[in-house]
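Chemist: With these hints in hand, go ahead and build the complete structure from the sequences.
Here's the letter readout for the chains.
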Amino acid sequence: MSTVVLTVGDDVSTDVIYPGRYMATVLPTETPQYAFADATEFNAKLKAKQVPAGSVVVAGKNFGCGSSREQAVSTLKGHELVIVAKGFARIFFQNSVNLGLRLVEAPDIVAKDGDELEVVVGEVVNKTTGKCFKVLPIPAARRAVMEAGGLIAYTRQRLLEKAKR
Amino acid sequence: MAMTVVEKILARASGRASGKAGEVVEPAVDLVMSHENAALVINQFLEIFKGTGMEARIWDPSKVAIIFDHRVPAESPKTATNHKRVREFVAKQGIAKFHDIRGDLGGICHQILPENGYVRPGAVVLGTDSHTTSHGALGAFAFGIGATEMASVWTLGVALNIEVPQTIRVVVKGKLPDLVSPKDVILHIVGRLTAEGANFRVLEFHGDTIQAMNTSGRLVLCNMSVEAGATSGIVPADEETLRYLREEAGVTDPLTPVTPDRDAVYERVIEVDAAKLEPQIACPHTVDNVKPIGAVAGTKVHQIVIGSCTNGRLDDLEVAARILKGKKVAKDVRMLVFPASGRIYAQALLKGFVGDFVQAGAVVMNPGCGPCLGVHEGALGDGETALSTTNRNFKGRMGNPTAEVYLCSPAVAAASALTGTITDPRTVAGGAR
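Each protein sequence line maps, in turn, to chains A and B. Read left to right, the first sequence gives residues 1 to 165 (our numbering). Read left to right, the second sequence gives residues 166 to 598 (our numbering).
Hints in this document: simulated from the structure, not taken from any laboratory. No experiment lies behind these values; they were computed from the predicted model shown. Even for Gly, the Cβ is constructed at its ideal location relative to N, Cα and C. Among the hints, erroneous ones may be present.
To give an idea of the chain B side of the interface with chain A (calculated C-beta under 7 Å), a few residues [unchecked claim]:
no.	residue
1	Ala204
2	Ile213
3	Thr320
4	Gly322
5	Glu328
6	Gly539
7	Phe559
8	Gly561
9	Gly564
Modeler: Now the structure itself:
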């Protein structure tokens with residue numbers, strides 16, 4: 001079970017998740033300090049380690065729209081946040097699968113700050129309100145990467161297979 | 166089997182006879198591009214080879230382009246050091262399509278690729294930049310990816326697990342009215358489709374407006390297709406594409422345009438009547454918050470920006486220079502102009518546009534992304550408003566989360582610079598021809 005620590009609306013862009021002015025910072029060890037940098041209160045909580053791993057951000061449609069910057073994923077992954085959204089933008093979705101950020105696509109999700117959510121097979125349960133929401137499956141094309149533990153590991157595997165042939 | 170352009174391109178690149186939306190393919194990649202974020206790609210690339218006992222070599226350095234544009238010249242020691250690392254990597258791997266910070270060969274990646282003839286019709290083009298969709302203007306299938314995915318492509322030369330996208334056919338008909346531009350067409354389309362309306366889909370552009378449009382204008386349409394969530398925008402290659410590649414990009418080798426089959430299957434068709442379009446404005450803080458100019462005319466602005474991968478080409482500068490020539494930028498307004506490449510800057514100098522801008526009071530900057538994404542220069546003060554020909558107006562985009570950004574065409578930007586408020590270019594002298 002995980003607590004909702006932040007709720008945001010539709011079309012939250014990568015500029016909001018990881019402002020452009022920090023883009024010269026690229027290392028996954030350094031990007032987490034700038035997560036939601038302009039949401040100063042939430043950012044301060046993250047930096048003070050007051051947000052436990054597995055905490056949930058609940059978002060509307062098209063979360064992660066805009067830039068291809070991978071920092072927008074590594075910054076959230078660094079805090080081991082789980083994103084439950086009505087929908088995700090394509091590049092953000094791919095980057096998340098590649099880096100192992102946990103995304104849950106629940107088109108009808110309703111939750112507010114402080115709610116307790118549980119993600120089970122095929123649905124997410126809001127334990128606070130008692131409501132269940134359907135979860136869309138990860139496309140088959142992406143599962144191999146997830147099962148390998150991310151795109152670096154998967155590519156390495158493919159590289160070694162190719163070298164053997 | 167009847168196919169759309171993207172289905173044909175992905176079938177060819179994957180060694181299949183045909184392709185259909187929904188299939189998963191691993192296309193061979195013809196061209197990949199990165200900018201400053203090559204620094205991160207390099208990290209991930211080296212990570213892939215760790216423990217394999219193999220030397221980290223790019224699969225084919227001749228298919229890799231690296232262009233510095235996001236923070237040029239470097240604004241900080243951190244960026245300068247990233248630039249340096251990338252330069253060293255480029256030399257070590259033998260990457261020839263490298264565009265450093267130079268007044269002649271440099272510029273914004275999405276202008277450098279077309280103007281140097283790197284992009285060909287039918288090619289699969291991947292870039293670590295969401296506006297890689299731009300290159301669909303030359304009939305390629307071009308889309309943005311993240312840095313780790315690029316590291317994977319550098320290693321294997323294929324894009325892994327690509328789902329063939331559905332295509333939306335966009336038919337644009339009629340003659341664009343004077344001072345209404347391709348930017349207004351795409352803002353109108355993004356407004357209609359919404360910011361996620363084309364998510365995981367391709368926009369394929371057709372119609373007599375598109376046929377009559379030059380490559381510069383088609384780049385605007387494809388550039389901003391991503392603002393409707395599209396994987397890519399594509400204008401099927403035609404006479405104009407070949408003219409541009411031969412005459413402007415200097416390409417001499419054979420070119421093979423890819424056109425859709427007559428009975429190709431589209432997810433849906435949308436039609437736009439270009440003749441009825443007015444100048445369009447995308448209002449804060451989403452690109453799909455689009456209104457005809459009348460709805461926001463008179464709004465006070467503090468900074469005007471002309472440039473970017475969307476609208477920093479010669480015809481964009483020309484229309485703005487025509488409006489500004491012999492006049493003055495209004496008091497209390499800062500106007501910044503960013504030509505999209507060194508080549509365009511040089512042409513604008515020769516044609517006198519740079520002089521027109523400077524004499525009007527605009528600041529003409531070096532080619533690059535400039536203030537578009539708030540990483541480098543031209544940041545906004547608290548509560549200020551910008552009007553810009555760039556492509557995004559997200560909260561915080563120009564470096565300040567309390568500021569507002571409106572998006573428009575170059576003609577609207579220039580007319581508004583004269584008044585200090587959002588102004589319909591059809592109402593100012595020098596506007597109408």
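Chemist: Does each hint hold? Answer for all of them.
Modeler: Verification of the supplied hints:
At its closest, the beta carbon of alanine 204 of chain B sits 6 Å from a beta carbon of chain A; the interface hint therefore holds under the 7 Å criterion. Nearest Cβ of chain A to the Cβ of isoleucine 213 of chain B: about 5 Å, under the 7 Å cut. The hint holds. For threonine 320 of chain B, the suggested interface contact is upheld, since its CB lies about 5 Å from the closest CB of chain A, less than 7 Å. Interface hint at glycine 322 of chain B: violated, since its Cβ lies 10 Å from the closest Cβ of chain A, which is beyond the 7 Å cut-off.
Below 7 Å, beta-carbon pairs count as interface contacts, and glutamate 328 of chain B has one with chain A at about 5 Å; its hint therefore holds. Annotation: interface hint on glycine 539 of chain B holds; nearest CB of chain A at approximately 4 Å, less than 7 Å. A hinted interface residue such as phenylalanine 559 of chain B counts as satisfied when its beta carbon comes closer than 7 Å to some beta carbon of chain A; here the least separation is about 4 Å, so the hint holds. At a threshold of 7 Å, the smallest CB-CB gap from glycine 561 of chain B to chain A is about 5 Å, leaving the interface hint in force.
Because the smallest distance between the Cβ of glycine 564 of chain B and any Cβ of chain A comes to about 6 Å, under 7 Å, the interface hint for this residue holds.
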